[in-house]
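J.: Let the sequences and hints guide you as you build the complete structure.
Chains A and B, in that order, are what the protein sequence lines are.
The opening position of the first sequence corresponds to residue 893 in the working numbering, with each subsequent residue numbered one higher.
The opening position of the second sequence corresponds to residue 893 in the working numbering, with each subsequent residue numbered one higher.
Keep in mind that the hints were calculated from the coordinates and are not lab data.
From a predicted model like this one, the values you see are computed outputs, not experimental measurements.
What you were told as hints is all true, and nothing was included just to trick you.
The list treats identical chains as one, so a pair stands whether inside a single copy or across any two.
Calculated pairs, DSBU-like style, for lysine-lysine (alpha carbon to alpha carbon, straight line, at most 35 Å):
1) Lys1126 - Lys1067
2) Lys1177 - Lys1160
3) Lys1195 - Lys1067
4) Lys1292 - Lys1097
5) Lys1007 - Lys969
6) Lys1195 - Lys1177
7) Lys1333 - Lys1177
8) Lys1160 - Lys933
9) Lys1013 - Lys911
10) Lys1144 - Lys905
11) Lys1300 - Lys1126
12) Lys1160 - Lys1126
13) Lys969 - Lys905
Protein chains: 2
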Amino acid sequence: MRTEEKVFFCIEKYQMIPKNSHVIVGLSGGADSVCLLKLLKEYKKQQEFQLYAVHVNHHIRGEEAVRDEEFSKAVCKKLEVPFTVFHYDVPQIAKEEKLSLEEAGRNVRREAFEKVMKNIKVSGRKMIALAHHENDNAETVLHNLMRGSGAAGLGGIRPVSGEKDSYIRPLLFVKRAEIEKYLKGQGISWVTDSTNEETEYTRNKIRHQIIPVMEEINPQAVSCIGRAAENMWKIEEYLQEQTDILYRKYVKKTGDTFCIAKECFSEKEIMQSYLIMRVLEQASKGKKNITATHIEAVRRLFKGRTGASVSLAWGLTANQVYGDVHIQSRKEEENGIYTLEWETFPYEKQQIPEKTYTKWFDYDKIRNSLSVRHRLQGDYLVVNQEGGRKKLKDYLIDCKIPRQERDKLTLLTDGSHILWVVGYRISEHYKVTSQTKQILKVQVKGVEENE
Amino acid sequence: MRTEEKVFFCIEKYQMIPKNSHVIVGLSGGADSVCLLKLLKEYKKQQEFQLYAVHVNHHIRGEEAVRDEEFSKAVCKKLEVPFTVFHYDVPQIAKEEKLSLEEAGRNVRREAFEKVMKNIKVSGRKMIALAHHENDNAETVLHNLMRGSGAAGLGGIRPVSGEKDSYIRPLLFVKRAEIEKYLKGQGISWVTDSTNEETEYTRNKIRHQIIPVMEEINPQAVSCIGRAAENMWKIEEYLQEQTDILYRKYVKKTGDTFCIAKECFSEKEIMQSYLIMRVLEQASKGKKNITATHIEAVRRLFKGRTGASVSLAWGLTANQVYGDVHIQSRKEEENGIYTLEWETFPYEKQQIPEKTYTKWFDYDKIRNSLSVRHRLQGDYLVVNQEGGRKKLKDYLIDCKIPRQERDKLTLLTDGSHILWVVGYRISEHYKVTSQTKQILKVQVKGVEENE
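T.: What follows is the structure, encoded as structure tokens:
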């Protein structure tokens, strides 16, 4: 099939562009988005819809950014597509909001898309067309496979996604090489987006070391992976629908407690897992990082005796109650943050207790107001008596705390200065010394000390 | 977990070795099978079962084969496991049966296992323990992924398989490196099986070029792929069970006709595909190579009008009948082989018709008896007037006929010499010339010529 036919087939198969809708292309000026714009312009010959292009100037590389903006504008002029440009000082925003350039860039692009959508006042569905292609998809699938993902991850990039299905990806079944070939054939040029060449370590290895070997084995490997992925996300959709049915059949919610009826144990193991996953998602209010270990722990409760219980992440506990399993949040640990109780009293050279969940601090050293929260960019501790600072992130890495756990830690903070990483160390700065006058005693509520 | 614990956990999780059963290990003398034998011997300390070892001497490499046999015997003596050896002249068998050494080897091993099983006259289940490990599994999954497999293929190697679940793979969650480490730790040696080092091109590339890069990205990549695979085959099992339910609900068989009720069109697309796949498997009597294209062709019939029909492989046709889809075999094309009709008559310099499905041959050139069959190893054609031979396989590759199609072609043959690849060319050797006396006219029954 020619590239055009392939893309139009994909648009129609997934009903991406209904009649009288509005399609906004995010145009970087790179091959992928230029190709997408050109093909959508062609598609207008056979379907009535409005096409728009949005370029975001990130102000990351001065001259290059100007070149890309000018180029994108020229492309739109030539193709007669309404063009809007947004300017964001991404390096500044990243600095202010303590984000990586990549994250900040993603945020401003999303903002720009939303502004454009809002400005379209006429009726009709509004979609954002993204230029992900078959190679992006194969890379995503492989990345997920080597992390041990389930069907959801092996499904790769979806052709249509987002709330109200507002993200569409018409190039998803076109290879990277085909995109460039198409543009050359059409005599259309593009700019080389240098941000694209700086992609991260993992994706680079997959792109340059794994995919080429796979293509030596099977020249169609990338398309085959795409086909396998399409099959997988269809399976995942079906399993989610089956889970809806099981949820209505076996799960009752009373207050904050989710009760899973013991009869669910007669379902296939895989569907028990999907059901438990769903309940944990609901109970943890959409928290991520629910792992196979959590699910297996809950599943094992069905075989346990009444009263058996496990403590899960996000402040959830699961209990076996006469065969059923009840999952509820421990009130005091809303958001996975421990509740801390404190008191102050004068320091009279008492023995300082060495406990994990009770700590004493020098009250007078506190500069701002105290708060209890998860970690933020810029957090630090003082790690020696000389006042040496260490970034919280580096400390957590030193402690070998897995990335997914780091975001769940409860911190007692004084601005960006961390008094206490609950469960771990306190900052040297606030330690009680012979000069201390007033003690701040902080204790985790409801946690028993093992002494 | 230690290797032992991991293996025992796997045995118990999948209930591989029930009490009082008989377990036969295929012992090559290589690390994997020696490790398997040792660990099963250890497992006997906690479960009552009988353990046997079978070594097959393939007579492929004279001295090496003797060494491997002696080594395997010695291992069994040391571990006190009953040892049986079988001798097969595999090169000879391969030659006689026109098989590759690999295929012939697989066949004789299966035969040896079956003999041993038959000789166990006491009661209790009988199983064959195979030494596939986590790396074998990851390689299989990747191979299948880059061929575009569905959930069945992405499920990789099953821990328990075969009719009556008689193949078990206790090492499936142990890495190759761990096996060697375990044996070294136990002071047990092994022989290096040189057949193992000659594995095929694809597997070698996956093993030596892809997996190592994946392990640079994630040192646990192999185990993660294994975990993803386990999840996938559990999903596949569930989907097959759901297909059973749909089959009972929507499919009726009358004579040779399978009728799929139109109501099945209300099911999720993926389940329609699973159901159609099942019907095609039944209707084609378990033929392989049912592809997404065949399934999609049948699925589209539901949207077609009455009377719409498609011709599938294996002599099957699908028809739309008032919304339902009927699948039946065309009698004349049993096994996917066309029926050929022939006649002979004297050559009187008539015009030779140029048709695709009717061919004239020089009858007197036929050496053996004619037969109509699928392709076999050793088939060839003559491709020029100088009598130049070409392997059939190479000709089919030149014609870009996909591998899965090649096995379905109907061939008119004279021993290994192919007169006609039906639908494609005839051998130059049998072409009618000015010297021809007698014509053999062959015509495909029931196929209309487009002239």
